[in-house]
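Trainee: Read off the chains here:
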Amino acid sequence: MEKTFGDHRPLPGDRGLYEVRFHGRGGQGTVVASVLLAKAAFLEGRGVQAFPFFGVERRGAPVVAYTRIGSGPVRLGGSITNPDALIVMDTSLLVSLKDTWLQGLRPGGHVLLNRPTVPEELRQGSDHHKIRCIDAGSIALRHHLGSPSNPLVNTVILGAFARMTGIVSLEALEEAVRTRVPGQLRENLEALNEAWETVEVS
Amino acid sequence: MTKELLSGNDAVAEGVRLARAEVVAAYPITPQTTIVERLAEMVARHELAAEYIPVESEHSAMAASIGASLTGARAFTATSSQGLALMHEMLHWASGQRVPVVMANVNRALAPPWNIWVDHSDSMAQRDTGWIQLYAETNEEALASVLQAYRVAEDPEVLLPAMVMLDAFVLSHTYMPVDVPSQAAVDSFLPRYQPVARVEPGSMQLFGSFSPPDLTFMEFRRDTALAMDRARQKLLQAGKDYARLVGGEPLGLIDEYRTEDAEIVLLALGSLAAAARDTVDEFRRNGQKVGLARLRSFRPFPEEEIRSLGRKAHSVVVVERAHSFGSGGPVATEVRSALLGLPSPPAVASYIAGLGGREVTPKHLGALVERATKKETPREAWVGVKELVA
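These protein sequences, in sequence, are chains X and E. For any residue, its number in the working numbering is found by taking its place in the first sequence, counting from 1, and adding 28. For any residue, its number in the working numbering is found by taking its place in the second sequence, counting from 1, and adding 123.
The hints are simulated quantities; they were obtained by calculation from the structure and are not laboratory data. Certain hints may be false.
[What the hints assert, rightly or not] Beyond 10 Å from chain E on every Cβ pair, some chain X residues (computed):
#1 P40
#2 V63
#3 R87
#4 L104
#5 L121
#6 Q131
#7 R143
#8 I159
#9 E218
[To be verified] Distance ranges between label pairs, derived from CB positions:
#10 X:P176 x E:E160: 28 to 36 Å
#11 E:L368 x X:G73: 57 to 65 Å
#12 E:M341 x X:G73: 56 to 64 Å
#13 E:G449 x X:G73: 46 to 54 Å
Glycine residues also receive a C-beta, built at the ideal position from the N, C-alpha and C atoms.
Pulled out of the complex, with its shape left as it was, chain X reads as follows (with noise of 0.2 Å):
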């Protein structure tokens, strides 16, 4: 019998519905991130919902995938248009994704961006977008998480997530990478940590 974690504040908004869109590569582990989200949201009792945008996946190219989190079941499927957050996992995307990435966020909606600091023209934000940066490569790399040229970063993106978004507790973020997370579990929950500790809040 898997943990229950039963404690969570209300959603942030009223819509009573919490969504986030992901882009990284293929390889990354973005899909698996996107369960790993929802999985720590089911196991404190929220209704969810994770899935890939719906192509043709290979390593290497671009992914989008989405997690829903609502304080009852959720019903409505079909892709997000309008995040309350962005994750990106890979920042070369964004050369690609140019103006387009940020398109349907919410007001003061959340980014976290997988680099060491927020890239100039972003700084200044708009529509009271809260943007942090993590090194996740790095942090990887320490974990011996993936290789230099392929570190596994989503456990780390979702440790710093869960802590500037408080959308999920660490506790129940563990218990996730516990159950779904196939191998290196101690360096898995140890960048998971770091990551947690390390993300500017506020």
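Add chain E to chain X, keeping to what the hints say.
Mentor: Chain E only, in chain X's frame:
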């Protein structure tokens, strides 16, 4: 019963494991592949005591499933789209030999143009093969339908193969919470398959024999037709027994939502119904009498249920992900046929939508209901088609 986070394909594999399938013969095809991958893992880990037969085509997958079923084994396979099309000949063999094979078909468009997304044309084209066809709205229902499909298919008064449909990606690759029943509950609902006749060493019997015009061919066909008619009642009973022994709401041939006083009824299949529920709620908030009838069973077709809806509604708005060229929406055609002869039958609007995975939102469906409120019920209209400039 435990709640787990499962994709539609995972849920189907869980259903097959709980059904204690004894033979799985399959060939991979997107977006079905992860069903048979999960099953192969289960067999390798001894979580499922089945013979896993990797075959060289879908035609062979069905042939092997039929052969296995003839020996009295509970057989399973899964496919999609082109794979289902390639199986076509063997689908007739399965129903003709009256083997209760259960198959999951992840609904995907048929090429060309090449497309791997949701579309019901693949299974609608297999309408006349003598297979029971159930369409799932959620992952949990996909799991339940696998178990109910075996129960009905193996009933000695039915003995027909059954297909469980789930929408490509929208269900197959989407993770949702699913109530997974306990093995004990499933065992009480679905005991071991007891074949009426089977191939076995030392016993001489003839299966799939020759039958010239004056012998038994028509009689066999009529038996199949009667068996499919009996499957209606059996499906209702299986839905009730499942709810009692395993859990959840009883599933029937159609699933009605807020139809009690509905003047306009949206009629849809599969995951489109989830969007339609939001549409219905929106109209209800404005005091408009709109409901949803989700067609769960396309074969057997729930004629009586459709007629009883037709006695109350002034319009039935059919939205479907398939088209029969030169005729129209296959579901709308049968809905119209079922309503014939009612004293004042409702108007039937037929919309073709979401082919090849094009997204259909509650807003799109709302616009169709809006038209019905103005008594606009087109004989056939396509939703969201771009006008291409040559």
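Trainee: Taking the hints in turn, state whether each one holds.
Mentor: These are the hints, each one checked on the structure:
1. The non-interface label for X:P40 is consistent with chain E: the shortest C-beta to C-beta separation is roughly 22 Å, beyond 10 Å.
2. Its closest Cβ contact with chain E, about 5 Å, brings X:V63 to no more than 10 Å, contrary to its assignment away from the interface.
3. Non-interface status of X:R87 relative to chain E is upheld: no Cβ of that chain comes within 10 Å, the nearest being about 16 Å off.
4. Annotated as non-interface, X:L104 brings its C-beta within 10 Å of a C-beta of chain E; the closest such distance is 6 Å.
5. Non-interface status of X:L121 relative to chain E is upheld: no Cβ of that chain comes within 10 Å, the nearest being about 21 Å off.
6. Distance check on X:Q131: its Cβ is at least 16 Å (rounded) from any Cβ of chain E, clearing the 10 Å threshold; non-interface status holds.
7. Separation of X:R143 from chain E is adequate, the least Cβ-Cβ distance of about 28 Å exceeding the 10 Å criterion.
8. Against chain E, the non-interface label of X:I159 holds: every CB pair exceeds 10 Å, the least being about 28 Å.
9. The non-interface label for X:E218 is consistent with chain E: the shortest C-beta to C-beta separation is roughly 24 Å, beyond 10 Å.
10. Checked against the hint of 28 to 36 Å, the C-beta distance between X:P176 and E:E160 comes to roughly 30 Å, which is consistent with it.
11. Range check, E:L368 to X:G73: about 27 Å between beta-carbon atoms, so the 57 to 65 Å window is missed.
12. Between E:M341 and X:G73 the C-beta distance comes to about 59 Å, which sits within the given range of 56 to 64 Å.
13. Taken as a hint, the range 46 to 54 Å holds for the pair E:G449 and X:G73, whose Cβ atoms sit roughly 52 Å apart.
Hints 2, 4 and 11 from the list above are not met by this structure, while the remaining hints are.
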